[in-house]
Each structure stands twice: as structure tokens, then as C-alpha cells.
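What follows is each chain in one-letter form.
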Amino acid sequence: MDVFDNLLLGFSVAFRPDVLAYGFLGCLVGTLVGMLPGIGPLAGISILLPVTFGLDATKAIVMLAGIYYGSQYGGSTTSILMRIPGEAASVMTCIDGYAMARKGRAGAALAIAAVGSFIAGTFGVILLMLVAPPLATFALRFGPPEYTALLVLGLVFLAYMSATSLVRTMIMACTGLLLGCIGIDVMTGHFRYAFDIKELGDGIGIVPVAVGLFGLGEILSTPSKTVTDKVKPPRLRELMPSRQEWQQSALPIARGSVLGFLVGIVPGSAHIIASFLSYAVEKRVSKTPEEFGKGAVAGVAGPESANNAASTGAFVPMLALGLPTGPVTAVLMAALLIHGVPPGPQLVNDHPQVFWGFIASMYVGNLMLLALNLPLVGLFVRVLQIPYAYLYPLIIMFCIVGVYLVNNSIVDVWIMLIMGVVGYLLRKLDFDPAPLVLGLVIAPIFELSLRQSLVMSSGNWTIFFSRPIAALLFAICGVLLVLSVLSWLRRKDWREKLAEAEAGEK
Amino acid sequence: MDRRQFVAGSAATAAALAAAPVGAQEVYPSRPVTFINPFPPGGAADVVARPLAAVLEPIVKQPIVIETKAGAAGQVGAQFAAAAKPDGYTLLMHIVSISGFAEVDRLYGRPVKFTNDDFIPIARFIADPMVLVVNDQQPFKTLKEFTDAAKAKPNDLIFSSSGLHGALHLPMALFLKSAALDLKHLPTNGGGPALTALLGNNSQALCSSIAAANVHLRSGKVRALACFGGQRSPALPDVPTLKELGYDIEFYLWVGLFAPKGTPDNVIATMRQASKQAAANDKFVQAMKNLGQDVAYLDQPEFKTFWDADAKRVQDAVRAIGKV
Numbered sequence: 000m001d002v003f004d005n006l007l008l009g010f011s012v013a014f015r016p017d018v019l020a021y022g023f024l025g026c027l028v029g030t031l032v033g034m035l036p037g038i039g040p041l042a043g044i045s046i047l048l049p050v051t052f053g054l055d056a057t058k059a060i061v062m063l064a065g066i067y068y069g070s071q072y073g074g075s076t077t078s079i080l081m082r083i084p085g086e087a088a089s090v091m092t093c094i095d096g097y098a099m100a101r102k103g104r105a106g107a108a109l110a111i112a113a114v115g116s117f118i119a120g121t122f123g124v125i126l127l128m129l130v131a132p133p134l135a136t137f138a139l140r141f142g143p144p145e146y147t148a149l150l151v152l153g154l155v156f157l158a159y160m161s162a163t164s165l166v167r168t169m170i171m172a173c174t175g176l177l178l179g180c181i182g183i184d185v186m187t188g189h190f191r192y193a194f195d196i197k198e199l200g201d202g203i204g205i206v207p208v209a210v211g212l213f214g215l216g217e218i219l220s221t222p223s224k225t226v227t228d229k230v231k232p233p234r235l236r237e238l239m240p241s242r243q244e245w246q247q248s249a250l251p252i253a254r255g256s257v258l259g260f261l262v263g264i265v266p267g268s269a270h271i272i273a274s275f276l277s278y279a280v281e282k283r284v285s286k287t288p289e290e291f292g293k294g295a296v297a298g299v300a301g302p303e304s305a306n307n308a309a310s311t312g313a314f315v316p317m318l319a320l321g322l323p324t325g326p327v328t329a330v331l332m333a334a335l336l337i338h339g340v341p342p343g344p345q346l347v348n349d350h351p352q353v354f355w356g357f358i359a360s361m362y363v364g365n366l367m368l369l370a371l372n373l374p375l376v377g378l379f380v381r382v383l384q385i386p387y388a389y390l391y392p393l394i395i396m397f398c399i400v401g402v403y404l405v406n407n408s409i410v411d412v413w414i415m416l417i418m419g420v421v422g423y424l425l426r427k428l429d430f431d432p433a434p435l436v437l438g439l440v441i442a443p444i445f446e447l448s449l450r451q452s453l454v455m456s457s458g459n460w461t462i463f464f465s466r467p468i469a470a471l472l473f474a475i476c477g478v479l480l481v482l483s484v485l486s487w488l489r490r491k492d493w494r495e496k497l498a499e500a501e502a503g504e505k
Numbered sequence: 000m001d002r003r004q005f006v007a008g009s010a011a012t013a014a015a016l017a018a019a020p021v022g023a024q025e026v027y028p029s030r031p032v033t034f035i036n037p038f039p040p041g042g043a044a045d046v047v048a049r050p051l052a053a054v055l056e057p058i059v060k061q062p063i064v065i066e067t068k069a070g071a072a073g074q075v076g077a078q079f080a081a082a083a084k085p086d087g088y089t090l091l092m093h094i095v096s097i098s099g100f101a102e103v104d105r106l107y108g109r110p111v112k113f114t115n116d117d118f119i120p121i122a123r124f125i126a127d128p129m130v131l132v133v134n135d136q137q138p139f140k141t142l143k144e145f146t147d148a149a150k151a152k153p154n155d156l157i158f159s160s161s162g163l164h165g166a167l168h169l170p171m172a173l174f175l176k177s178a179a180l181d182l183k184h185l186p187t188n189g190g191g192p193a194l195t196a197l198l199g200n201n202s203q204a205l206c207s208s209i210a211a212a213n214v215h216l217r218s219g220k221v222r223a224l225a226c227f228g229g230q231r232s233p234a235l236p237d238v239p240t241l242k243e244l245g246y247d248i249e250f251y252l253w254v255g256l257f258a259p260k261g262t263p264d265n266v267i268a269t270m271r272q273a274s275k276q277a278a279a280n281d282k283f284v285q286a287m288k289n290l291g292q293d294v295a296y297l298d299q300p301e302f303k304t305f306w307d308a309d310a311k312r313v314q315d316a317v318r319a320i321g322k323v
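Listed in order, the protein sequences are those of chains C and Z. Just so we're aligned: 167 in numbering that gives the first Met the number 0 is position 168 of the first sequence, and the numbers increase by one with no gaps anywhere. Just so we're aligned: 302 in numbering that gives the first Met the number 0 is position 303 of the second sequence, and the numbers increase by one with no gaps anywhere.
Think of the hints as simulated: they come from the structure by calculation, not from any bench. Be aware that a few hints might be false.
[As the list claims (entries may be wrong)] Not the full set, but computed from the structure, chain C residues with beta-carbon under 7 Å of chain Z:
id, residue
1, L139
2, D201
3, L322
4, L336
5, I337
6, G339
7, N407
Even glycine gets a Cβ: it sits at the ideal position worked out from N, Cα and C.
Next comes chain C alone, as it looks inside the complex (with noise of 0.2 Å):
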């Protein structure tokens, strides 16, 4: 009774005209700024920040996460429509939607994702109020040996990745993972591969990388396919997903939305790891992973729901404990600093107003979004009926600012360029270039939380298994190894059979 009261209060807030404004002008932009590649809710957020000060915290932090949840939506359209991420975490996206999009389902892909990300938002925002304490509590008990743990479980998700052969997907992952360890040693200090270049510092960034390998390649790749490789425009009729597509994908917006949402709490995580890992979950799950990276339904409802749950799970430590769980909830946090409100234990007791209302608007954000976003692929599909010769240059410069404006750093502008020309290669010897992102993002945080792991202990390596999650966590990795193990024997087993059956044929 008491949940229900305060949402009555919050739903109060939320619907006066003046919030609900403010709340629809974050959501509009939040597309936007997920549209752009390059562009994404930090740079969003940080450049709106100024013109929130003169309003109260509630509208504020109504606007600015707007901006954050809406960029979620918006980030798959690019990503389906060009196969060019609109932001980091819709990298998955690229494989299933843009094939889809090749096969005439651009307007199913882009409803299914709006859709799927309504979900998984309101999903998100459920048990944010319900749970949001208790959880935040349990995700502190996250610490790196934990979070080693989680991506060692990751790492062994993306062999079932690539819609490629096993040893070109390995080749790719082991790339990113070597490419990720461009930067400065965070234990010691050192420069690792830098060339002098201060820029490279921090690593290579994510969204250059997968701009270039994504977007430019496929662009660069285009004059040299035949005429008959065109993207089948497809009628207004077949714009909404078919019965059996949306059966297809309501078991993984489902699983998505779960999965995204554990993710997103647990401090330090990033989307991108939400959406890759329901991505591997929806191939390992199915019962036809071959058509995975040819168009599977599955793989843009999961991922797409995915990075929408996780979206909302980092508001939890954020809400309840008052700390930031990555770049875009730390602007957040210093948004509602700034208007006094201070994040933390306390927030729901001294500021009602601010707590629910804000709850409250995110179901109402999550419905606005959906119908911004419905109505609007009918539109973004017309897109593909633009001659590529006036499309693709347009596209180039967007990919160019977009990338400056990250960092406004060059040096991301020439690694996007650069990553173009790999991207492009990639694309002609038949390689996925999907692992190699996901190793440039597991690389640093992985070895940050091993050796952040073997600092606590010491260097005593049981420290992974004296802890219950991480032990867990790393059972799991010991079953699916064994399980893959198994089912390659008995496919083998059936092999040698259908090799006996042909002999005795002859």
C-alpha cells in the first residue's frame, strides 16, 4: 500500500504539465543524441547540464534522464538502418538488425526494438522501486574478484559470438584483447604501447572503434559489391514485425530485461556488457544459433532490451547508496548535487518529491518514447531509399564529428579512420569484427579487477573461489565449458554415424 501511495505522489509530479514537458524535451533529445554515432547520453547530458540550473532538482533530473533512457532507444536505429552504432552499448545491434534490414525487415527490427526496449524500461523501473534498496546492498558485494568472475563468464560467451568459424571468432577476440591493453598500466603507472601519444593514454576509446569497424567498413565496402547486394526497400505494409517475429522475440525481450537489469546495478559495469551477454545468452538458448548474424529476431530483441534494463538497474546504487555506477550516472549524481538534493540512503525520506516523481516519470518517459519512436520508423526506413551516393558521404561527416565529440580529441578521429580501412578488410577475408569490440571493452576492466583481485589477496589466487558470488560465477563458466565439450563429442558421435550411414549407402 505504502509503494502504491508514494507512486500516487510520484504519478502527481510527473503529470503536472510543466515536468511532463520537461520529461518529453529529455526523451526527444535522448533519440537524438542515441541517433548520432559518436554522440551519446554523456556528451548529451553534460552540455544540457547548464540549463537545468535554473530549474527545481525534480525537473531537472526528470530532463536529464530522459536524455539517458531515451538514448538507449535511439541508438539502435542507426545501428539497424547503417550499421553504424549510434552509441556503445547498441554494437549488437549492428549484426542481427542491419541483417535484417538487408532482408526487407528494417521496420520490424526498429519496432521490436522500440517495443523491446519499452519493456524492458518499464520492467526496469518495477523493480527499481520495489527492490532498489536490498539490491543496491547485494551489488556492493561486488567487488573485483566478483567482477573477474563475471567477465571470465563473458570471455567464455564470446566463443558463441560470431556467426564465423571459431578460430576466426578467437583471432578477432584476442585482437581486442590485445588492443585493449594499449594505455597507461593502472597499477604502475607506465605507459604500455602509447608511442608518446598522451591521447592513448586511456586506451583506445570504444566508440571510434566501433564506429570505424562497423559503419565505415560496411561504407567503404559498398562500391565494391554487385548491384543485386541492395538493401530491399521495404513496402509500408511490411513495416510491423509479422505474428511470428513477435513470438520469436518475447521470450528474449524477456530474458533480456532480467539480464540487462543485474547488470546495470552492479557498480562499474558497463551496457555494452549487458547487451553482449544476452546477445551470446539468445545464440546459446536457440534452437537455430545458425541464423544468428543473418537476421535473427532474437538477437536485436535481447540486446535492444538488454541495454534498456541495464539502463535503469544503474539508477539503482545510484538512488540508494548515492554512488555512481559509470560516466553517465556520475553527471546525474552531480546534477542532483548541485540542486542540493544529495543521492544516498536518505533521498526517498527527504526528497519524496524528487524520488518518486522521477520514478514516476520514467513510466511515463518509457510510454513517450514508444510512441516518439513507433510512429517514426516508417520515416527512418525512407532513409535507406536515399541514393548511397548522397547518403554516404552525409553519413562520413557524421561519423567524423561525432567521433571528435566524444573526447574532442583527432587522435579518436584517426583511430575511427584508421579502423575504417581494417573495418573494410575485416568485411572482404570474411571476418566478424563484433569480438574484437567486445575484447577492446573487456580488456581494461578485466585486467584492472584480476589484478585489483590479487592486490586484496596478496597474489593468492584462491581469493576467486574463497568468495561465494565469484566462486558461482565462476562454476557457471565451468558448466558451460563442459557442457560445450559435450555436445561437440556428441555431435562428432553423430557425425561418425551419418559417416557410417554413407558408407553403408554406398
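Chain Z: place on chain C using the hints.
Positioned in the frame of chain C, the structure of chain Z alone reads:
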């Protein structure tokens, strides 16, 4: 028009053209001013720079653009500002750690990219004393209990920091050296993660700014043992300073505004005057109060004196950490 007239006219025109930029310079700023924020958005310099920019804009009558150039713990942004054209249109917001980069580079035998002499201080806005905190799962109620425990079992307790040679590492290094203690160092990638590690008991001690730890101090999740200020902080009147406890250590997380070396005096004067007005502005004071800070404004001469003394402390701390 005879030749003489022509020459005179040309000379006058040339003089007028030559004079024009000089005239334009006198009305600095005549276009938007960029503040470089060398840390990620929401970081220590950013949260001061944004409210400051909001109150500075009506004073200088030009937009103030905050450009984030994060990287290498604030070194990338500082280096960029040091190399910028010294015309007053690129200024730098930086924190206490600005004095450490040159020393770290020397320590590792790398070419020194810039030193404090490459910057002209303009004003200091806040200076929050650091506070040594432990989490609530530790039994220590006083600094003595803490140091006794650490002495009894060297390299058992862990302290977290915002990163090697970062603003949360330096004061701890000074204290550990002064108290002759050995603690394990758990570097993380920012102030938030360092605090998260403390709250989750993955580390047991942390040097934090009072502002960042305040919420958790009030909820009892962390306990303050000692303060790094010259006097007790009004926010924590019951916490003794290190000086009271017999350690000659002071350390502040301060934020100041800098211009690259060679910036004209009239430009510096304008910015000093504008900063003084902004620091006294109610809106700015209130914004800092909300962050848990009191404005600790210092004008250029006092800031310079403070900065010189502070740089010594930072360099001592870097040397105390040594090459890892």
C-alpha cells in the same frame, strides 16, 4: 591625388588596420571563452566549472564553453591548455593533482611535458580538506587504533584510491610515510569506484574529500578518523586534524582557474576581476554549498603562494610513492 597624399593615405590606412586588432584586444573577451575540463563530466573540476560558467557569463558578457578533454588522470587536458594560444580564450580548470605530473614524468624518466611554470594562476574557488575514512565494518574509532592495527599487521589493511598518483592517493601516501605504515594500495579508475570499494569492504580505508564522503558519513556507513585541514572542518567539528594528532600534514582537494604562460596581463586582470565577482555571487555560493563545499576563494597573489606550498606537498607525495 599626388604621390604624397597617396603615401600618407596608405600609411593612415595601414596604421588603422594595424591598430584595429589592438583595439579589439582591449575589449577581451570579444568571443566565447573555453574552459578546459581535464576530467570526465561530473568530476571534481566539472562540478565547479559549470556553476561558475553560469555566473561568469553575465559578468564577461560572453558565453563560457566547457570543453572536456579527459585522459591520463587530467594530464591530457592540462597539456592541451599549456600548448594553447595564450590569448585568454582557452583557460584551464584543474585540481591539486596538476602539480604532480612533472614529478611523475621525471620519476619514470619520461620527457616532462609541462610544469607549473607553464601556467599563470588566476583564482582558486574551493579547497576541501581531505578526510581519512574507514568503513563501518572496521572496529577503529580513532586514528590511534587504526595506526596500531596497521603496525601490528603490516600490508594487511587495504586503502583504495582514484588511481595511481591521483588526488586520493597523494594524501594517503603522505600520511603513510609520516606514520611509517604499510598498507596495500587498491587503485581504481575514479573517486566513485574508490568509494564503492570502501563501502563494499573491498578496501578498508580511503582518503576522500569531505564533500564526496558526506552522505555516507551521515548515514554511518563510513567513519572519519582524521581531517587533513589546517583547522577542523565546520562540516565535521568532532573530527581532529592530523596536525592535532601530531602529523605535520595538510592536504586539500582544491579547484582553480589557470591561463597558459604568456597570456597578456590585461586579459589576466579581466579574468581575475570577473572571478572575484563570480565567487561572491549568491548562486555560485549556493551551488557549492549544495555540493557540500564552502567557497574558498583566493585571488592571484594568495593563490600563487598557496599553490607553491601545495606543489611541494604534492611532489613530496609523489616521491613518497616512488616508482611502483
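Against the structure, the hints:
no.: 1; hint: L139; verdict: holds (4 Å)
no.: 2; hint: D201; verdict: holds (5 Å)
no.: 3; hint: L322; verdict: holds (5 Å)
no.: 4; hint: L336; verdict: holds (5 Å)
no.: 5; hint: I337; verdict: holds (5 Å)
no.: 6; hint: G339; verdict: holds (4 Å)
no.: 7; hint: N407; verdict: holds (6 Å)
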